[in-house]
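Chain residues, written in single-letter form:
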Amino acid sequence: MISFACRSAYLFLLSLILISSALAKPATITPNDIYDERVGAYAFTNATIQISPEKKLTNATLLIRDGKIVKVGSNIKVPADTASYDMTGRYIYAGLIELDSAYGLPDAADRSEYSWSAAEVTQSQTPGAYNANQAIKSSFNAADHFSHDKDTAEKYRALGFGAVLTHQHDGLARGTGALVSLGNEYDQELIIKTGASAHYSLDKGSSEQTYPRSAMGYMAVLRQTYYDADWYSKQKNPDFIDLSLQAWTANQKLPQIFDASKDWLTVLRADTVGDEFKTQYVIRSAGDAYQRLEAIAETGATLIVPVNFPQAIDVSDPLQTDEIALADMLHWELAPTNPGALSSRGIPFAITSAAESPEKTFWKNLRKAIKHGLSEERALAALTTEPAKILGVENQLGQIKAGAIANFIITSTELFDDNMVIEENWINGRRYKLAEHQPDLSGQYQLTVNQQNYPLEINSTGGKHSASLALYDKDDSDNKNPKVNFSYSPEQILISFAMNEDSLPIRLSGIPANNSWSGKGQLADGQWITWNARRTGDVEQDTDATSDETDLALGNVVYPFTAYGTQSQPAQQNLLLKNATVWTNEDEGILENADVWIRNGKIAAVGKNLTAAGANQYDASGMHVTSGIIDEHSHIALSAVNDVATNSSMVRMNDVINSEDINIYRNLSGGVTAGQLLHGSANPIGGQSALIKYRWGATPEQMKIEGADGFIKFALGENVKRSSNSKSVRYPQTRMGVEQVFRDSFSRAQAYQKAGKNKRRDLAMDTISEIINGERFITCHSYVQSEINMLMKVAEDYDFNVNTFTHILEGYKVADKMAAHGVGGSTFSDWWAYKWEVRYAIPYNAALMSQAGVTVAINSDDREMARRLNQEAAKSIKYGGMSEEEAWKMVTLNPAKLLHLDDRMGSIKKGKDADIVVWNDNPLSIYAIADMTLVDGRIYYSRTKDLEARTQVQQERMRLINKLHQANANGDKASHKPKPQPDWHCDSLHGYEHLTGAKQ
Amino acid sequence: MKTTIQALITILICNVLLLTPIWAVTPEPAPLTGNKVAITGATLHTVSNGMIENGILTFENGKITGVYQAGGVDISGYQTINAEGQHVYPGFIMPDSQLGLVEVDALRHTRDFRERGDLNPSVRTLTSFNTDSELIPTMRFNGILIAQIAPIGGLVSGTSSIVQLDAWNWEDAALKIDDGVHINWPAKSYYKYDDTSDSIVLEPNKSYADDRSQLTTLFKDAAVNQDSSNLKLKALAGVYDGSQTLYLYANKPNTIIEAVTLLKQAGVKRLVLKTGAGALLATEILQQHNIPVIIDTLHNLPGQDHHDIDQVFRLPQELQAHGIRVGLSNNSWLMSTRNLAFNAGSAVAYGMSKEQALRMITLSNAEILGIADRVGSLEVGKDATLFISKGDALDMRGQQLTTAWIEGRQIELEAMQQELFQRFSKKYR
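If you're matching them up, the sequences are chains D and X in order. Counting from 1, position 486 in the first sequence corresponds to residue 486 in our numbering; the numbering is continuous, with no gaps. Counting from 1, position 279 in the second sequence corresponds to residue 279 in our numbering; the numbering is continuous, with no gaps.
Bear in mind the hints are in silico, worked out from the structure with no lab data behind them. Accuracy of the hints is not assured; some may be wrong.
Subject to a maximum C-alpha distance of 30 Å in a straight line, what follows is the list of computed DSSO-like cross-link-like pairs (lysine-lysine) [as the list claims (entries may be wrong)]: (1) K262/D / K192/X; (2) K360/D / K977/D; (3) K433/D / K368/D; (4) K963/D / K973/D; (5) K360/D / K192/X; (6) K262/D / K835/D; (7) K427/X / K835/D; (8) K390/X / K427/X; (9) K278/D / K389/D; (10) K192/X / K727/D; (11) K206/X / K262/D; (12) K426/X / K835/D; (13) K973/D / K188/X; (14) K390/X / K63/X; (15) K897/D / K427/X; (16) K897/D / K608/D; (17) K977/D / K188/X; (18) K977/D / K206/X.
If you're wondering where the values come from, they're calculated on a predicted model, not measured in any experiment.
All chains, please: the whole structure from these sequences, using the hints.
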């Protein structure tokens, strides 16, 4: 009731405003007045008119009528019924168009925070016949909910915008946007276009449903919805109604706009989804696309980019400055180059004003972007024609041409001039005056007050005037010229001043007339006097003021965009490692004084006294050469690890590879060259794995191992039954239920495969089908013997084998059964005691499973331990007396076997990938460190290069810190907002548990 | 015939021993036999006096009686242990551990290391220390024979004690009772995860000023109220006369500087800093007040992306280079505590000498904990708390304990984990 009352009062107020401005109103509305309709015909003469980003007319005339542009050009005759405005010295541009806004829409609901200790919400909480996933809000139409918002409209207008695309920023599918006008009119008139666009994101918004809650889950839900909508739309008589799917299908014909404003990784993810469904999204990106320009260009997407450049980080405390990431400092420096870089690369884009305080930063940053390489033409296009093109409204908006909506701005100077003032913003043929036109009054004047003369100097910049009495020379440091308070309008001039701090003021009022000013004033004693002023000459130009303060010496973009990133990928080596101890992992065993030849990314030869034409020789005497370590179970280089759904087999870790993780580099420094990036262990059926090589600096796509088999994470035990969460409601809650989940999935997948062509495509069932068809392989998180045995029996009942048990801490108890089943074990060396189900975990597990004939790997599941996997393997020498050669295979050849990569990785053999580590000692020793790590024959890490890189990192940091300090001194200063890297484990929800968990 | 019977009896006894489910409970504490023991032929890592190859070490009644170079030493009447080719080390000392205060991290029922409230100086770990913890044998198996049992949490976590790891009960275990009080200096900001934006945000700690004032006021009041009936004040008496150490946890340079300055001003005599790489930028104040450091773990990542990849591995050396005494813990996870020696080994990989690395986890830790008169080196008069390893005990390739003694009592090294190994090893033979 209250909101209704407010709205009524508001409409009443609005009607007052509208009636006073007396233009056409919706014909259906009856005024509470007599009719007052006018044609609204105006001519703007003698103007400089930028009719399009490319074309400028000088001394031109613009005619508008009834909210539309009638004509623009030179030598236009102004019709008799048209009122004229003289625009001499002024500029006219098309009104700007904002594409990312929620203008005039109700706020999206807040979502209650999800944590591991909250009850899961397994179903959508939205009442009604909507999609089963609450984050699919495709039936929301912005036009249905839009209502004029005077304050926000005014803010947009002040920036020069005339139209805005508004949509609700809530959900993975957000429904349609409405293109609306930013005037103060009836809502009915403001909407230019309903259903102007369809919107998507990788952010669940207000959805309370637990699934999805990760980027990979968001992508999976969008994919499923594409299939569902297609299937649903083909049903002749659907047996249920899904309004969201109906809307989804209807929305497909609109411009598809995807909000990926988190970072450029999200842009690539959005595009991946689009590619699968032959949809090219327009993508709203963050301002960081310059960090991966090529990958962004390859998406083929038109972007919507912000100009919300970061403020300079406060570097006053050197101890705290050490906590500022190089990436944050470099982004501060390079963010202004983003629009220019996109433009140079030929990536089409529109610019959005979305930012924390656009009123303070938008124009300043646009000019900054132009100083950093964006052309004025492209800048204007990004604010006018590009957005119009994206929405398919080129005939209505974005240019000044006949037939278009009369949206334009009048400015005091050229648009991107430092002193530009937007004086008027005309929207739909209505005038919104923003600033009084201020002529350039700069000059020397003689001011005569009461017969006494004063030399007056006026300077005009950016529509503002400053005045002083020019009594002394400017260089005179002893005497300062008295300031004069001065304001100007054609109706009144005000001047007041005092000769010095101690004297009393003289106050004058006058009007401009006949090239001079005159009027009356009052002296300090109350006496009324007359005064006049006349211009006597120009102001002396201040030569210093024109110097450009922007320091355009910039740092380089490095890949990844972090410390130790490089400008280009290292070259493939033609390299002969001489006289090393070579751990072949083949029948030859460990060769002393042997050579390894690396060429074209492969091992070209292994043996003694090799000669290799053209190869660089590397004296490796005293060193040990091994194949690269392969981490069967890792969570580095990921943007998410767990989604939460009993069966999350539709999510793909390949979707969320994070190439920017410093831990890739740190792993390389520990000799790790490849890994299986696993989904977490929150669900009995987890997500599909990503198999990557640690190609530091490559894009997520380039890191993937070409042609690798598909794997999937399963999980058993305490995590999947949510034991640590007393509020958990999700099925299953016991190990008994876990078995049922598996049997149910496999049975359903069998039925699914037999179902007819018209079946609903189900991505989870697709994945499970792959498993039972032997096309995808299970790595199963497991602890106690009962559950291990159970999964093997379930698999056998469905005629396939489990590929690998990971963790597998009680594997030693059923190792004979594992060997018989043919499953491998990838375990920790010595973890135990952290929860109940690991009570009988023993460090002899690897040795015992190995003894029973199981292929055993030692894995990390931990970004720190991952770089010491060689040492973890060595623990089986202490615990169980394993031979050194066998121990070493547990982190190289055996994981390669478990990942089906042993035909190309895992040993030093001619023809295999040159994923090679040179160690300074026996690699199993605690004293060994990697001297050099190669992937595909490229040296991604070497101790020597690392030591050089440290110096470079330090120099680059200091360059940036010094520059930041300068910016701080100039008033650009914001406290540091660190963005630490997540630390992912099997049981991570968001990866920041190590930071938020209270150690203290 | 006689030999056959003896052999049979031996086999029988062995079998009985093997069949006995010794893992059902933790191993029985060893008795002190009063035997005079001589270990011969081994490399003695004395720590205090270098390495003696082919040395002889003797002990009696729980105390070391001789550390010799072989030759000319009469060891008749001694139970002789030939350790040729092996290595003798003083028992490793683990500072700042929750051993015996928790059995299974994830189970609240088993957690006894953190009392509620902010100011708990009087809360003592000793009386909760569970000598029957199943984790204890896993420590001994890796050479850790002594540990400081410390509380965590709050601003003043409580009072620690130092124990030896073979005892019937906590009274017997105590090596140094109530050796020190452990505090956490409040941080000025903390990280908060924002679920809505899926991002981590650094937020100012709103209770920072309060926390800091709680601490400073407590130390101000305790300085002049040592006979008070207030247990909290009374528990701090020792930090002013130096009979107790104040263990400060802080790992940001600014926090370290602030905390040390204020605690020194408050009159704290013996201050020890528990820290990580954050101490690197606060070395001056540590040097100035001669404050030793216990590094929490070396198996840790660099603090920031731009930090050297070996920053933490090199940390002990870097601090030593500034004249700071360095001890080493490994307390990130209780289960991993047993890898203390390999932490020390990691420092060697990045340039520290093996002797220095070994010293960190023996004599330096003993000195910092104030127990160097009893343990930490192979020296005449010190406790016979030591072990024999087949190889280099800092390297997993070499560490293989064959025998260990605590105060002269030969302890059982094997326990549940070894028993399970043997059981299944036999099954898969």
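Each hint tested on the structure:
1. The suggested pairing of K262/D with K192/X holds, with an alpha-carbon distance near 18 Å, which does not exceed 30 Å.
2. The hinted pair formed by K360/D and K977/D meets the criterion: a straight-line CA distance of about 20 Å does not exceed 30 Å.
3. Between K433/D and K368/D, the direct Cα distance comes to roughly 26 Å. Compliance with the 30 Å bound is thereby established for this hinted pair.
4. Restraint check for K963/D and K973/D: the C-alpha separation of about 12 Å stays at or below 30 Å, so the hint holds.
5. The suggested pairing of K360/D with K192/X holds, with an alpha-carbon distance near 29 Å, which does not exceed 30 Å.
6. Between the alpha carbons of K262/D and K835/D the distance comes to roughly 36 Å, so the proposed pair goes past 30 Å and is violated.
7. At most 30 Å may separate the alpha-carbon atoms for a hinted pair to count; K427/X and K835/D meet this at roughly 27 Å.
8. For a cut-off of 30 Å, the pair hint linking K390/X to K427/X stands: about 27 Å separates their Cα positions.
9. Of the pairs offered as hints, the one joining K278/D and K389/D holds, with about 20 Å between alpha carbons and a cut-off of 30 Å not exceeded.
10. Our distance criterion of 30 Å between C-alpha atoms is met by K192/X and K727/D, whose separation comes to about 22 Å.
11. At most 30 Å may separate the alpha-carbon atoms for a hinted pair to count; K206/X and K262/D meet this at roughly 28 Å.
12. Only pairs whose Cα atoms come within 30 Å are accepted, and K426/X paired with K835/D is accepted, the gap being roughly 28 Å.
13. Restraint check for K973/D and K188/X: the C-alpha separation of about 20 Å stays at or below 30 Å, so the hint holds.
14. The straight-line distance between the Cα atoms of K390/X and K63/X is roughly 23 Å, inside the 30 Å bound, and the hint therefore holds.
15. The hinted pair formed by K897/D and K427/X meets the criterion: a straight-line CA distance of about 26 Å does not exceed 30 Å.
16. For the proposed pair K897/D and K608/D, the alpha carbon gap of about 27 Å is at most 30 Å, so the pair holds.
17. Distance hint between K977/D and K188/X is fulfilled; the C-alpha atoms sit about 14 Å from each other, no more than 30 Å.
18. Taken as a hint, the K977/D and K206/X pair is honoured in the structure, with Cα atoms around 17 Å apart against an allowance of 30 Å.
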